[in-house]
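J.: Spelled out from the first residue to the last, the chains are:
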Amino acid sequence: MRVMIGMSGGVDSSVAAALLHEQGHDVVGVTMRLWGGESDTGCCSVSDVDDARRVAQQIGIEHVVFNFSEEFDEHVVQPYVDAHQRGITPNPCIECNRHLKFDRLAERADELGFDAVATGHHARIGSHANGRLRLERGADLAKDQSYVLHMVTAAGLEHTSFPIGHMTKDEVRSHAARLGLRTAGKPDSQDVCFISRADGREHFLGNRIPLRSARVVDRSGSQIGEVPSVEMVTLGQRRGLGVPGGGPVRYVIGVDVSDDEPTVVTGDADDLLVSSQKVHSMTWVDEPFEGDALAQTSAHGEPRPCRVTSTGDRELQIDWGLRSTRIAPGQSVVLYDPTSTWVIGGGIAERSPL
Amino acid sequence: MSSLKDVETLSTYLDHAATTSMHPEVLDAMRPWQETLFANPSGSHRAARAARKAVDEAREVIAAELGVQAGDVVFTGGGTESDNYAISGSVRARGGTAVCSAVEHHAVLDPVEHHAGRTVAVTADARIDVDDLRCVLDSMTSAGQEVAVVSVMAVNNEVGSCNDIAEVASVVRAHAPNAWLHTDAVQAACWVDLSELTPHVDLLSLSAHKFGGPKGVGITVVSNGVTPEPLMRGGGQERGRRSGTIDVAGAVGTATALHITGSQRATASQRVTSLRDELLDALTAIDGVTETVPRLRTVPGIAHICVNDLDSEALLFMLDEADVYASAASACASGAMESSHVLSALGLSDDLRRGALRLSLGHTSSSADIDRAISVITNSIGQLRERKAARKQRA
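Listed in order, the protein sequences are those of chains A and B.
Numbering follows numbering that gives the first Met the number 0, in which position 278 of the first sequence is assigned residue number 277; successive positions increment by one, without gaps.
Numbering follows numbering that gives the first Met the number 0, in which position 167 of the second sequence is assigned residue number 166; successive positions increment by one, without gaps.
Hints in this document: simulated from the structure, not taken from any laboratory.
Where a beta carbon is used, it is the ideal one built from N, C-alpha and C, also for glycine.
Among these hints, one or two may not hold up.
To give a feel for the contact side, a few chain B residues facing chain A, derived at Cβ under 7 Å [said to hold, decoys possible]:
1. LEU26
2. VAL225
3. PHE316
4. GLU385
5. LYS387
6. ALA388
7. ARG390
8. LYS391
Not close to chain B: a few residues of chain A, all C-beta gaps over 10 Å, as computed [as the list claims (entries may be wrong)]:
9. ARG53
10. VAL63
11. PHE65
12. ASN66
13. HIS98
14. ASN129
15. HIS174
16. SER212
17. SER219
18. SER351
If you only want the chain B side, here are some residues facing chain A, beta carbon under 10 Å, derived [said to hold, decoys possible]:
19. LEU309
20. LEU315
21. MET317
22. ASP319
23. ASP322
Based on the provided sequences and hints, a complete structural model is requested.
T.: So this is what it looks like as structure tokens:
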């Protein structure tokens, strides 16, 4: 098989590339150049490209760099900034997978005559009894990345490969060490790749949008604190609200970014509990689904039992069995089968009414 | 894809604007100065004097090719250093700022921007717009802004367009009489008689590896009385203009390469022009493929085309697989293709800019190379278009 492997310069994609090569596939490594600006965290700094290239040389495969920075800016960076401006908590890694790795890169690979795109994600491709492909969690549950891959479709999976999905992170690292790859001990990337760790998110956003201070109020509307930038506040947050200590723990239960008077509403933990959640922009790995499922609302969050009901085109409501913590609007809600093995689909949390 | 051995034997190399292979005579001329005659030319013993003689002779050969005095020839570490020396050295020596065309190589553009300089618009055929040059210089004069140096490339490195440096000089002398005039002649050396450029300019940059010489050697021609501040301070070599131990082999190799280039320029130009015409005629016959700049306005060595519906990166990948080596815009440090400031300055649409392809010919280019390139490029464009259409149909 001719496989294009996305190489970020990290250990997972290094080993994925090596495994494909060992299996006898015709493999070309590709590093996507996504971000033109300064970064010290991400997957597209020059030093990461250096690592990817060196690993490809060591394995003995060709390596090229594709510049997708325009697409990245349009589909990932701009929406990220816009979301903060609208008081929404975005997940840029998911948008990058949706628009770059499993769209732009897959398209490029197809045009260039490749049979598949591979990545170093911790996820597996399995199949249903009827033979249809499905997206399954990675073998290393602590590193499982099926959540950020939920937009991949069954048709897409036919041209996709996750070579390290069956391995634990430790196994990946030992394999890299055995091969003498320079990325064997490289730490996992953690943060948003286009935001420099030194300058931080506030600095990044402040250079692109006006950050506005906001009153922090309790449920009755009395001011109890102030935040310097309402765009930085996330639902459920309890620190950095300018509320004097000593009192009961207060959580953000609502963020109002309206022009006239931006406001952050706080309450106690109980105020965050809701019995249902609306989700929009759903995509399904295979068929649209209604019924009992598990919903996971962050990359490594605990999947919670729920009942799924369609409410329109690519829209649904999930009802929690027990009241459950409200999800920050903009976060992805990913549905798994009741055994928590495979992904049904995923969408984006709507703002729930207070 | 092929192994290193194949790269040496089977490839079709159409990236001479990026670098050229050394003429065999150049390597032969350089070898003794790295082996037995390795002395430092600044020393005071017999071996040092032998090295010094080689450098002095090399400098004279180069000066003769350029029609300048030997003392005007300063050896540097490459074309980028030569450009930086001319721009930053001039601004630091004289105060004020710098002006250049919008399509200069980054080795000029970035220092000019660093010194808060101004850029001048270009015409649709990528030559400096002399009316705009006049306007920019006049507006700077009337705003009381000193212009230390004006820099206009002799030949553009992406699309191959040639500027009329004599005309540029007459505008600069009339509208910024105190400014020094620099030309980046890095892409001109193979195709333009450099001795026709030097009388018009105060500073001129060359890079040896672009004309069959070694990498890591540049030349800045500095006219008498022109005194840019040195970038490198230290041992005071090159009359204090560029400190650092002189690269004897590099100087000898550069002189040899420039002499060969000069003596073969007329015949090489003629030969490469007909190869380039054959290439461009065949490629522009393909639907949606256009010549970026009319070939009458370019040097023979650069054929630049735009394919209206394809990505350069995809096309280059296909060519690479078939061992046809070409380029799009300049590559950035990561190896990715940067979107071209030259093509934006020409006002090309995004679709055309995305499908840019530079095929550059040189002293090793043969008729067989051109035949092979035509067939590979034609097939690659066809194949990419087919797959694109098939994908669209599936969607």
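J.: Quick check: which numbered hints come out false for this structure?
T.: 1, 2, 4, 6, 8, 10, 11, 12, 23
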